[in-house]
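There are 2 protein chains.
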Amino acid sequence: MKKSIGAKTIVYPTPVFIVGTYDKAGKANAMAVAWGGISCSDPPCVSISTREATYTQGNLINQEAFTINIPSEKYVKEADHFGVISGRDEDKFSITGLTPVKSEIVNAPYIKEFPLILECKLVDTTKLGLHTHFTGEILDVKIDEEFTDENGNPDINKIKPILYDPAGMGYYGIGKFLGQGFSIGRNI
Amino acid sequence: MKKSIGAKTIVYPTPVFIVGTYDKAGKANAMAVAWGGISCSDPPCVSISTREATYTQGNLINQEAFTINIPSEKYVKEADHFGVISGRDEDKFSITGLTPVKSEIVNAPYIKEFPLILECKLVDTTKLGLHTHFTGEILDVKIDEEFTDENGNPDINKIKPILYDPAGMGYYGIGKFLGQGFSIGRNI
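Residue numbers (our numbering), protein chains in the order written: chain A, 65 to 252; chain B, 65 to 252.
Everything labelled a hint here was simulated from the structure, so no lab data went into it. Be aware that a few hints might be false.
Each pair may be met inside one copy or between any two copies, as identical chains are not told apart.
[Stated by the list, open to error] Result set (EDC-like, lysine to aspartate or glutamate): computed pairs, CA atoms no more than 16 Å apart in a straight line: (1) Lys176 - Glu209; (2) Lys176 - Glu210; (3) Lys88 - Glu128; (4) Lys67 - Glu210; (5) Lys91 - Asp153; (6) Lys67 - Asp213; (7) Lys91 - Asp155; (8) Lys191 - Glu201; (9) Lys72 - Asp204; (10) Lys240 - Asp219; (11) Lys67 - Asp219; (12) Lys66 - Glu209; (13) Lys66 - Glu168.
Being a predicted model, the structure only gives us computed values, none of them experimental.
Use the sequences and the hints to build the structure in full.
In structure tokens:
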């Protein structure tokens, strides 16, 4: 018997996207975002939501560009830091020791040390309430070779991404393989 | 040194949302969706993307209502089945043996056997390309008591949700706890 726990923002899993932007002076900033996900296959798009109060939101609107950076488990502290302090108040790259790299195709920085990054141009903006929802077309995905399989595809077991639990506010790693998509349930 | 792998829809993790809708005849359908995520904290909203070809998309537009159902690991085969076959061609609830329950607050069915469900009314529709992006306001969240902690909050370790790897097309469980959000990175 299901019980109501009220209208809450609880789903599993939510991602840990680190969103890279430049401010008007060209200073690189990055912010942790758990509200977002892939939103279209063709053209490939990813959507994220931010609050107006964030430094990232103004940067994103001004530059019409952002990156999504996927952290490995070993960077969970840095990822959390990107969600705690505003880029208005400190240089997050300097504090975390991570390296912003200017994208060659959009005016946004990506994080050199993170295994997988997406370069995006803003294509849609929808104000939903406290958060505004931004959709970016994914113009390219880049990965370090050590995180790919023998065919050059991203390997989740090498990337070791992080997920976030919005109910318990905890970070978790990836667990055991449960089965192959479009396959294990086909002949149920 | 990062290498380009092209414009692909690869982020980690993506969710396994089972979206519940009714068709015009009142038949319950459910579909697996990995493109989506929470999109606003206030009002609480969740966004999902579907293709026009799906039975779910027509249902969702007609009813202006849907549910998001979070499967436990033990239902990974059923979850996959919901993504393989169209509800036009079969009664997915009958085939999987799962039970649709009519929501009391929106005109959509939720899945009795899944631990956590969200009841949503459609508030925004944005056509992005192959996929259309639908945002629902979360009117309520319901959970079975056995999946909550001592304070009545959802417990990720009891829910055992599934995540999807869009590069390798595999399903995975939740891994080890890595740290507490808004905490472990504060004083980096």
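Each hint, compared with the structure:
no.: 1; hint: Lys176 - Glu209; result: within (13 Å within a copy, 44 Å between copies)
no.: 2; hint: Lys176 - Glu210; result: within (13 Å within a copy, 43 Å between copies)
no.: 3; hint: Lys88 - Glu128; result: within (12 Å within a copy, 41 Å between copies)
no.: 4; hint: Lys67 - Glu210; result: between (46 Å within a copy, 11 Å between copies)
no.: 5; hint: Lys91 - Asp153; result: within (12 Å within a copy, 54 Å between copies)
no.: 6; hint: Lys67 - Asp213; result: between (44 Å within a copy, 14 Å between copies)
no.: 7; hint: Lys91 - Asp155; result: within (8 Å within a copy, 55 Å between copies)
no.: 8; hint: Lys191 - Glu201; result: between (18 Å within a copy, 13 Å between copies)
no.: 9; hint: Lys72 - Asp204; result: between (34 Å within a copy, 7 Å between copies)
no.: 10; hint: Lys240 - Asp219; result: within (14 Å within a copy, 19 Å between copies)
no.: 11; hint: Lys67 - Asp219; result: between (39 Å within a copy, 14 Å between copies)
no.: 12; hint: Lys66 - Glu209; result: between (46 Å within a copy, 7 Å between copies)
no.: 13; hint: Lys66 - Glu168; result: between (51 Å within a copy, 12 Å between copies)
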